[in-house]
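> The primary structure of each chain is shown beneath.
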Amino acid sequence: MTDETAKVEELVHKEYEHGFVTDIDTDTVAPGLNEDVIALISAKKEEPEWLLEWRLDAFRHWTRMTEPGWAHVHYPTIDYQAISYYSAPKAKEDGPKSLDEVDPKLLETYEKLGIPLHEQKMLAGVAVDAVFDSVSVATTFKEKLADAGVVFCSFSEAVQNHPDLVREYLGSVVPVADNYYAALNSAVFTDGSFCFIPKNTRCPMELSTYFRINAANTGQFERTLIVAEEGSYVSYLEGCTAPMRDENQLHAAVVELVALDNAEIKYSTVQNWYPGDENGVGGIYNFVTKRGDCRGAGSRISWTQVETGSAITWKYPSCILRGDNSSGEFYSVAVTNNYQQADTGTKMIHLGKNTRSTIISKGISAGKAQNAYRGLVKISKNADNARNYTQCDSLLMGDTCGAHTFPYIETGNAGAIVEHEATTSKISDDQLFYCRQRGIDEEDAVNMIVNGFCKDVFKELPMEFAVEAQKLLNITLEGAVG
Amino acid sequence: MLTIKDLQVRVEEKQILKGLNLSVNAGEVHAIMGPNGSGKSTLANILAGKDGYDVTGGAVEYEGRDLFELSPEERAREGIFLAFQYPVEIPGVNNIYLLKAALNAIRAHRGQPPLDAVEFLQVVRQRMQLVKMDESLLNRSVNEGFSGGEKKRNEIFQMAVLEPRLAILDETDSGLDIDALKTVAEGVNTLRAESRAIVLVTHYQRLLNYIAPDYVHVLSDGKIIRSGDRGLAVELEEKGYDWVRQGAKAA
Ligand SMILES: Nc1ncnc2c1ncn2[C@@H]1O[C@H](COP(=O)(O)OP(=O)(O)OP(=O)(O)O)[C@@H](O)[C@H]1O
Ligand SMILES: [Mg+2]
Numbered sequence: 001m002t003d004e005t006a007k008v009e010e011l012v013h014k015e016y017e018h019g020f021v022t023d024i025d026t027d028t029v030a031p032g033l034n035e036d037v038i039a040l041i042s043a044k045k046e047e048p049e050w051l052l053e054w055r056l057d058a059f060r061h062w063t064r065m066t067e068p069g070w071a072h073v074h075y076p077t078i079d080y081q082a083i084s085y086y087s088a089p090k091a092k093e094d095g096p097k098s099l100d101e102v103d104p105k106l107l108e109t110y111e112k113l114g115i116p117l118h119e120q121k122m123l124a125g126v127a128v129d130a131v132f133d134s135v136s137v138a139t140t141f142k143e144k145l146a147d148a149g150v151v152f153c154s155f156s157e158a159v160q161n162h163p164d165l166v167r168e169y170l171g172s173v174v175p176v177a178d179n180y181y182a183a184l185n186s187a188v189f190t191d192g193s194f195c196f197i198p199k200n201t202r203c204p205m206e207l208s209t210y211f212r213i214n215a216a217n218t219g220q221f222e223r224t225l226i227v228a229e230e231g232s233y234v235s236y237l238e239g240c241t242a243p244m245r246d247e248n249q250l251h252a253a254v255v256e257l258v259a260l261d262n263a264e265i266k267y268s269t270v271q272n273w274y275p276g277d278e279n280g281v282g283g284i285y286n287f288v289t290k291r292g293d294c295r296g297a298g299s300r301i302s303w304t305q306v307e308t309g310s311a312i313t314w315k316y317p318s319c320i321l322r323g324d325n326s327s328g329e330f331y332s333v334a335v336t337n338n339y340q341q342a343d344t345g346t347k348m349i350h351l352g353k354n355t356r357s358t359i360i361s362k363g364i365s366a367g368k369a370q371n372a373y374r375g376l377v378k379i380s381k382n383a384d385n386a387r388n389y390t391q392c393d394s395l396l397m398g399d400t401c402g403a404h405t406f407p408y409i410e411t412g413n414a415g416a417i418v419e420h421e422a423t424t425s426k427i428s429d430d431q432l433f434y435c436r437q438r439g440i441d442e443e444d445a446v447n448m449i450v451n452g453f454c455k456d457v458f459k460e461l462p463m464e465f466a467v468e469a470q471k472l473l474n475i476t477l478e479g480a481v482g
Numbered sequence: 483m484l485t486i487k488d489l490q491v492r493v494e495e496k497q498i499l500k501g502l503n504l505s506v507n508a509g510e511v512h513a514i515m516g517p518n519g520s521g522k523s524t525l526a527n528i529l530a531g532k533d534g535y536d537v538t539g540g541a542v543e544y545e546g547r548d549l550f551e552l553s554p555e556e557r558a559r560e561g562i563f564l565a566f567q568y569p570v571e572i573p574g575v576n577n578i579y580l581l582k583a584a585l586n587a588i589r590a591h592r593g594q595p596p597l598d599a600v601e602f603l604q605v606v607r608q609r610m611q612l613v614k615m616d617e618s619l620l621n622r623s624v625n626e627g628f629s630g631g632e633k634k635r636n637e638i639f640q641m642a643v644l645e646p647r648l649a650i651l652d653e654t655d656s657g658l659d660i661d662a663l664k665t666v667a668e669g670v671n672t673l674r675a676e677s678r679a680i681v682l683v684t685h686y687q688r689l690l691n692y693i694a695p696d697y698v699h700v701l702s703d704g705k706i707i708r709s710g711d712r713g714l715a716v717e718l719e720e721k722g723y724d725w726v727r728q729g730a731k732a733a
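Residue numbers (my numbering), protein chains in the order written: chain A, 1 to 482; chain B, 483 to 733.
Just so you know, the hints here were simulated from the structure itself, not pulled from any lab data. Among the hints, erroneous ones may be present.
Below, computed lysine-lysine pairings styled on BS3-like, alpha-carbon distance capped at 27 Å [claimed, not checked]:
{"#": "1", "chain 1": "A", "residue 1": "K426", "chain 2": "B", "residue 2": "K664"}
{"#": "2", "chain 1": "A", "residue 1": "K266", "chain 2": "A", "residue 2": "K353"}
{"#": "3", "chain 1": "A", "residue 1": "K266", "chain 2": "A", "residue 2": "K142"}
{"#": "4", "chain 1": "B", "residue 1": "K664", "chain 2": "B", "residue 2": "K614"}
{"#": "5", "chain 1": "B", "residue 1": "K532", "chain 2": "B", "residue 2": "K496"}
{"#": "6", "chain 1": "A", "residue 1": "K455", "chain 2": "B", "residue 2": "K582"}
{"#": "7", "chain 1": "A", "residue 1": "K459", "chain 2": "B", "residue 2": "K496"}
{"#": "8", "chain 1": "A", "residue 1": "K426", "chain 2": "A", "residue 2": "K199"}
{"#": "9", "chain 1": "A", "residue 1": "K426", "chain 2": "B", "residue 2": "K487"}
{"#": "10", "chain 1": "A", "residue 1": "K144", "chain 2": "A", "residue 2": "K266"}
{"#": "11", "chain 1": "A", "residue 1": "K381", "chain 2": "A", "residue 2": "K368"}
{"#": "12", "chain 1": "A", "residue 1": "K266", "chain 2": "A", "residue 2": "K347"}
{"#": "13", "chain 1": "A", "residue 1": "K471", "chain 2": "B", "residue 2": "K582"}
{"#": "14", "chain 1": "B", "residue 1": "K705", "chain 2": "B", "residue 2": "K664"}
{"#": "15", "chain 1": "A", "residue 1": "K471", "chain 2": "A", "residue 2": "K426"}
Computed footprint of chain A on chain B, listed as stretches where at least three residues anywhere in the stretch have a Cβ under 8 Å from a Cβ of chain A [claimed, not checked]:
{"#": "16", "segment": "584-598"}
{"#": "17", "segment": "642-655"}
{"#": "18", "segment": "677-684"}
For glycine and all other residues, C-beta sits at the position ideal for the given N, C-alpha and C.
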């Protein structure tokens, strides 16, 4: 046993003794995953015992599970024992001292996205001690939310301040043993966001992780839980169009949404993690589990996502339509360029009567990228009068990329109406020539055609997000044609 | 404005243009007529800069510059406009959005500031009247689901907005009913100007009843074999292309 692990072991045992409140001064645990490491994480976060038990239960399941191999993606085997599962927020001194030390390519992207200087610094992890605008913005936001009775805080804070709510809902949508990555996340998650909208409350603003400044280092295993009580409404924005500096290669987040009677949750994501370079070197693996439970009658959950980043994306935001008359929606744009691989889609599980679901998926591939849509529409026996509409379009740029569609439909109720439409198209030379003949250069012509292709999804995004998403797409596909 | 000298063009090993000569000055309207497959669209496409053609000989000068040195978008910005014989559909791209991007790209090239939405709409409304374009076409996807006639009308509408210096209309009259033909012709006539040249590719002398050309050329087998004034078109209508071909051989 190395000195380091010995020290950790010692600390872990000490914690058990002292009821998880010991002050520990190690910042990073040695790589590897076992029950002691989990206990250490839990102790670091001063968690109640039930949560530790919950984590350990997840871990025990995980050790008996095998990594899924069915997705249309390829990557070298991940050594889970080589990952360090806990590190305290990085000391600022480790980061670049100024923007001069930041990768010029990253800065170029920030420029193109029109991100203000102070935010560029924050995103690039530059040490800044001045209080910048967004902090005060965040404070104003907090006050407004508190007035409305909305809870919006980091997951750790929620565990401390709203333990009953967390205990009631955590894992109620994505059980600990749901899948390999979800089990891993449940065992080792370090932080994330928590959001609670009380009865008959319309959340007074769009909630964005971007404004929750202390979420800056949520790590690779992020946990999000959103609960919307009866008759409430919330629109939640995850992610940021700007590429964040991030050293973790594997990301396995879990997002759980719960909508009670007549509640509505609108969840929008823009994901732009590092996709690796032109040769497919580096890049983040994004294996995320997102699920919404339309638990109450007449509830509604919609997922809108724009996925441009990551080397590998494995992601199926889903809806369980449990309440009668509930509805689920999934709007997705997934772009892959160079050597990126995406296997993404949704599951709509119809359990209640008169449940409705809509799936609009737009996949764009360029370079040598592979893009797969994988969707399941399941109508259970009791889901009388259920309806689904699925539209799945692929756009190819060039001859070396691929698009694949895997729609699965399981109907256990003869009255169900399930419609599926799929198209694959290419940006044709004639289309490009037409635009160029009108004076528009090739790059702009491609952007115009791609944005046109994605229009049905972009219109579901909140306004500013849509504008940013469009810019992002253009940057992602730069040089993809011609 | 445009001088084509001994132009020779191949497509996939097939010689299509075989030494074509044509000279067009500002203010003039030229009609090019000729049998199917004689190379009319090839000529139009090559002037606009479409890929896939090999220029194996000859030269084209546009406003004193070698045309082949300019990219398609540069040619467009320098004032060359092609009304396509078969306008392509671009799903999802708003018709008027494309047009605004085009106009602003051309304006930027000329060092003019972009038009904002309000100014642009003013131009659009005014030019729409010119070709009696249905307003509902403005906000549809480019050419998607347009009828044949609507596509042609849209091309002329774009031309009216972009105000080119050299407009090449490739069979804009085919597929139009008689009323549409009149409207489009009226539109083109209003766009006739001292500073602008128009090249009409057509099969029918009918169009030339509405747009009186200064010159008529007969293109056959990759060459202009006869040029004349309006009278030539009338004669052609009566006697057919064989008559010109015979004449060309005899000469
Ligand atoms: N990409 C291509 N590959 C092979 N042949 C081609 C290609 N483009 C044009 N051609 C041939 O070149 C010849 C001239 O075609 P073009 O379209 O210029 O004729 P046109 O005079 O416009 O005829 P129409 O009156 O029918 O429009 C035709 O024989 C045509 O088949
Ligand atoms: Mg033709």
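> Would you mind marking each hint as holding or not holding in the structure?
The hints, checked one at a time:
Taking the CA atoms of K426/A and K664/B, the gap is near 37 Å; set against the 27 Å cutoff, the hint is violated. Between K266/A and K353/A the alpha-carbon distance is near 22 Å, which keeps this suggested pair within the 27 Å criterion. Restraint check for K266/A and K142/A: the C-alpha separation of about 20 Å stays at or below 27 Å, so the hint holds. At roughly 11 Å between alpha-carbon atoms, K664/B and K614/B fall within 27 Å of each other, so this suggested pair holds.
As the CA atoms of K532/B and K496/B are separated by approximately 17 Å, the hinted pair is consistent with the 27 Å bound. Proximity of K455/A to K582/B is assessed by CA-CA distance (about 18 Å); at most 27 Å being required, the pair is judged to hold. Among the hinted pairs, K459/A with K496/B is inconsistent with the structure: their alpha-carbon atoms are about 48 Å apart, more than 27 Å. About 48 Å separates the Cα atoms of K426/A and K199/A, which puts this hinted pair outside 27 Å; it is violated.
The suggested pairing of K426/A with K487/B is violated, with an alpha-carbon distance near 37 Å, which exceeds 27 Å. With a C-alpha separation of about 20 Å, the suggested pair K144/A and K266/A falls inside the 27 Å cut-off, and the hint holds. At most 27 Å may separate the alpha-carbon atoms for a hinted pair to count; K381/A and K368/A exceed this at roughly 42 Å. This hinted pair checks out: K266/A and K347/A have alpha carbons roughly 16 Å apart, not beyond 27 Å.
With a CA separation close to 18 Å, the supplied pair K471/A and K582/B stays within the 27 Å bound. Taken as a hint, the K705/B and K664/B pair is broken in the structure, with Cα atoms around 30 Å apart against an allowance of 27 Å. This hinted pair checks out: K471/A and K426/A have alpha carbons roughly 21 Å apart, not beyond 27 Å. Using a Cβ-Cβ cut-off of 8 Å, 5 residues of the segment 584-598 of chain B lie near chain A, which meets the minimum of three, so the contact claim holds.
Residues of the segment 642-655 of chain B with a Cβ under 8 Å from some Cβ of chain A number 1, which does not satisfy the need for three, so the listed coverage is violated. Proximity of the segment 677-684 of chain B to chain A, defined as three or more residues with a beta carbon under 8 Å from a beta carbon of that chain, is not established by the 0 residues found.
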